[in-house]
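Undergrad: With chain A fixed as given, assemble chain B onto it according to the hints.
Listed here are the chains, written in short residue letters.
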Amino acid sequence: MKNIHRALIAAAGVLAVGVPVAAWAAGEYKKPEEYTWSFEGPFGTFDQAQLQRGWVVYAQVCAACHSLEHLDFRHLGMDGGPFDQVQLPGEDYYTDFSADPNQNPVIRAIAAEYMIQDGPDEFGDMFERPGRPSDSIPSPWENEQQGRSANGGAYPPDLSVITKARYGGPEYIRSLLLGYDYEVPEDLEVRPGNYYNPYMSGQVIAMPPVLFEDGVVYEDGTAATVDQMAADVTAFLTWAGEPHMDARKSLGFIVMAYLLFLSILLYAAYKVLWSRVKH
Amino acid sequence: MSGPSTYEPKTGIERWLDSRLPIVRLGWDSFVDFPTPKNLNYWYTFGGILTVCLMVQILTGIVLAMHYVPHVDYAFASIERIDRDVNFGWLLRNIHAVGASMFFLAVYLHIFRGLYYGSYKAPREVLWILGVVIYLLMMAAAFLGYVLPWGQMSFWGATVITELFGAIPLVGGPITEWLWGGFAVGNTTLNRFFSLHYLIPFLIAGVVGLHIWALHVPGNNNPTGISVKSSNDTLPFHPYYTVKDGFAIAVFLLIFAFFVFFWPDALGHADNYIEADPLVTPAHIVPEWYLLPFYAILRAVPDKLGGVILMFGAIAVLFVLPWLDTSKVRSMRYRPMAKWFFVIFLLACLGLGWAGAELPDKMVPGLEAIGVDFLLFGRVLTIYYFAYFLVILPVLGFVEKPTERPASIDASVTGGKSAAPAAAPAE
Numbered sequence: 228m229k230n231i232h233r234a235l236i237a238a239a240g241v242l243a244v245g246v247p248v249a250a251w252a253a254g255e256y257k258k259p260e261e262y263t264w265s266f267e268g269p270f271g272t273f274d275q276a277q278l279q280r281g282w283v284v285y286a287q288v289c290a291a292c293h294s295l296e297h298l299d300f301r302h303l304g305m306d307g308g309p310f311d312q313v314q315l316p317g318e319d320y321y322t323d324f325s326a327d328p329n330q331n332p333v334i335r336a337i338a339a340e341y342m343i344q345d346g347p348d349e350f351g352d353m354f355e356r357p358g359r360p361s362d363s364i365p366s367p368w369e370n371e372q373q374g375r376s377a378n379g380g381a382y383p384p385d386l387s388v389i390t391k392a393r394y395g396g397p398e399y400i401r402s403l404l405l406g407y408d409y410e411v412p413e414d415l416e417v418r419p420g421n422y423y424n425p426y427m428s429g430q431v432i433a434m435p436p437v438l439f440e441d442g443v444v445y446e447d448g449t450a451a452t453v454d455q456m457a458a459d460v461t462a463f464l465t466w467a468g469e470p471h472m473d474a475r476k477s478l479g480f481i482v483m484a485y486l487l488f489l490s491i492l493l494y495a496a497y498k499v500l501w502s503r504v505k506h
Numbered sequence: 017m018s019g020p021s022t023y024e025p026k027t028g029i030e031r032w033l034d035s036r037l038p039i040v041r042l043g044w045d046s047f048v049d050f051p052t053p054k055n056l057n058y059w060y061t062f063g064g065i066l067t068v069c070l071m072v073q074i075l076t077g078i079v080l081a082m083h084y085v086p087h088v089d090y091a092f093a094s095i096e097r098i099d100r101d102v103n104f105g106w107l108l109r110n111i112h113a114v115g116a117s118m119f120f121l122a123v124y125l126h127i128f129r130g131l132y133y134g135s136y137k138a139p140r141e142v143l144w145i146l147g148v149v150i151y152l153l154m155m156a157a158a159f160l161g162y163v164l165p166w167g168q169m170s171f172w173g174a175t176v177i178t179e180l181f182g183a184i185p186l187v188g189g190p191i192t193e194w195l196w197g198g199f200a201v202g203n204t205t206l207n208r209f210f211s212l213h214y215l216i217p218f219l220i221a222g223v224v225g226l227h228i229w230a231l232h233v234p235g236n237n238n239p240t241g242i243s244v245k246s247s248n249d250t251l252p253f254h255p256y257y258t259v260k261d262g263f264a265i266a267v268f269l270l271i272f273a274f275f276v277f278f279w280p281d282a283l284g285h286a287d288n289y290i291e292a293d294p295l296v297t298p299a300h301i302v303p304e305w306y307l308l309p310f311y312a313i314l315r316a317v318p319d320k321l322g323g324v325i326l327m328f329g330a331i332a333v334l335f336v337l338p339w340l341d342t343s344k345v346r347s348m349r350y351r352p353m354a355k356w357f358f359v360i361f362l363l364a365c366l367g368l369g370w371a372g373a374e375l376p377d378k379m380v381p382g383l384e385a386i387g388v389d390f391l392l393f394g395r396v397l398t399i400y401y402f403a404y405f406l407v408i409l410p411v412l413g414f415v416e417k418p419t420e421r422p423a424s425i426d427a428s429v430t431g432g433k434s435a436a437p438a439a440a441p442a443e
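Chains A and B, in that order, are what the protein sequence lines are.
First residue of the first sequence: 228, per my numbering; consecutive thereafter.
First residue of the second sequence: 17, per my numbering; consecutive thereafter.
The shape of chain A in the complex, shown without the other chains (with noise of 0.2 Å):
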């Protein structure tokens, strides 16, 4: 009886917050569309232009309904991440600032566009600052039943480690921003303020089609179609949920040829000392 409460309880919540709970693996829904990463594969890293346009989808448009919250300011400008390389005015070269990136002047830059409640100051008073590198990306939302109310109940999930978090990663998010444009099935019911996509758990969500062409300027003069938005976004978030991918694939050659090096020594060192005894 007990369990049965639970398994309604939890059912309802999975259809009133669209939480995608299920996979495509289980063969409910549609498979993610294949993709060609530049960071997929043993030799895969991040492309770092794509990093930065993606900060920037992330910035304009995901940040009004998702939070960042393990990710902080500072984090954008560390080694392999989106800003750790910086072209100083007057200069034709670039500045490796991930040692320090506070002193980042375009990490200071970004964080200063947001302000942050900081305090209590000396009197007891709560106060508003400019952001600086070592704050946390700040949430659109003051708590989460604020961010329900406004969204029709449906908490938009925090985006930190959401391609590490989904079946089918990288893909899956890429497929979910480009999977509204499909005809909705005649036996589905959409209620309004929801919308059909068929990458989607349950293949109703409640996050509107948010990418459209060129809603975003880019620096470096990429044509913001919805593509290319959906996919720079989509690398932004696989670096933010593990930024340290690139050392990780590096060091990891290193440690496989000092493993297979070290194996084939000690193989010889067998035969050898084995060649000595019958056996």
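Bear in mind the hints are in silico, worked out from the structure with no lab data behind them.
A couple of the hints might just be wrong.
[Said to hold, decoys possible] Simulated DEER-style distance windows between Cβ atoms:
id, chain 1, residue 1, chain 2, residue 2, range
1, B, P376, A, T322, 56 to 62 Å
2, A, P367, B, W194, 40 to 46 Å
3, B, M82, A, A450, 44 to 50 Å
Heads up, the beta-carbon is just placed ideally off N, CA and C, and yes, glycines get one too.
TA: Just chain B, lined up with the frame of chain A:
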């Protein structure tokens, strides 16, 4: 340990220490001069590999515990801090998480090795039982550790497993609440799970000490299952097996490193990157792969209490295995029937793992035509699992005719011919 000690202290300090605490002698007799059958194959390298696994888990775990926060509001965020801001925290966490899977991979190979070569039979019953105790402790440690990141699978896995105790008649409810420290899995639960997760590896280390002690009294079993008869059958552990184990460990670490660096989330579950939410149940709660066979056995019984009893019975039966197998022959190399029942048993365990990972009402691919879903599949395999221990092994000892065994370990490796004349003085 087995046989007189050959240690001779050479320096004054060694002599002084040897008459007070003969610890160097213990090390020498256990890991240098220890007479080891000379026919051990690579399946016998997993003891060394498992020691490495335990040390890796303890070392990475101690550092991770310096950065982890066992609180429902901060646990998930602290894991993210470890991944992002702790120097090489991402590496430590990957090693620790992948390490759990590698540990189980190695222990399963080690256990099946023991099952095939009859390593559980006299005089190694206590050695085997200590091994099963280690395995039980490992499962507890792994389960507790999986709860700590406080993701969706952590929370719901903890809820499902602790609620199993609720199936115990009369006292089930109070026991479950006592385990939780409240009326649901919550902050008190997380705190005590962290404490116990830190404790258990040291218990394991202690039992491993006993396990090695119990190994060194009768000495190693070997692929022929024949006892050591003369010094022709053995080689000193060092350097012969240190180098062979060393090679196997290096190859094992290569596979380990591949997962750590190139496929770290392959063995995990995407839902565990969603922070725990008591109001949202994941559609499909599954344990980690190494516990799936037991999950399938649990679900094979329609009654909750019955399922719990059967699941614990699946491990309990291992404790009495030395007395269930009635055959006098240790190694299945010389047991023409048992060999095949063993292969089916191995496949049944893999099949149970598969059944545990799938929804019970899903049809088994390839068996749709005869209407076999994963529930029925799991039930049939569960029956075989228990039949193997409770029926097949007890009966086989009486009906099976073993094939001819070599006269000695030495004879088995030299192809039946006696050893070189120089090496065969009369004993």
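Undergrad: All hints, please: hold or fail.
TA: Each hint tested on the structure:
1. B:P376 / A:T322: 56 to 62 Å: Given a distance of about 60 Å, which is inside 56 to 62 Å, the answer is holds.
2. A:P367 / B:W194: 40 to 46 Å: holds, 42 Å
3. B:M82 / A:A450: 44 to 50 Å: With a Cβ separation near 48 Å, M82 (chain B) and A450 (chain A) satisfy 44 to 50 Å, so the hint holds.
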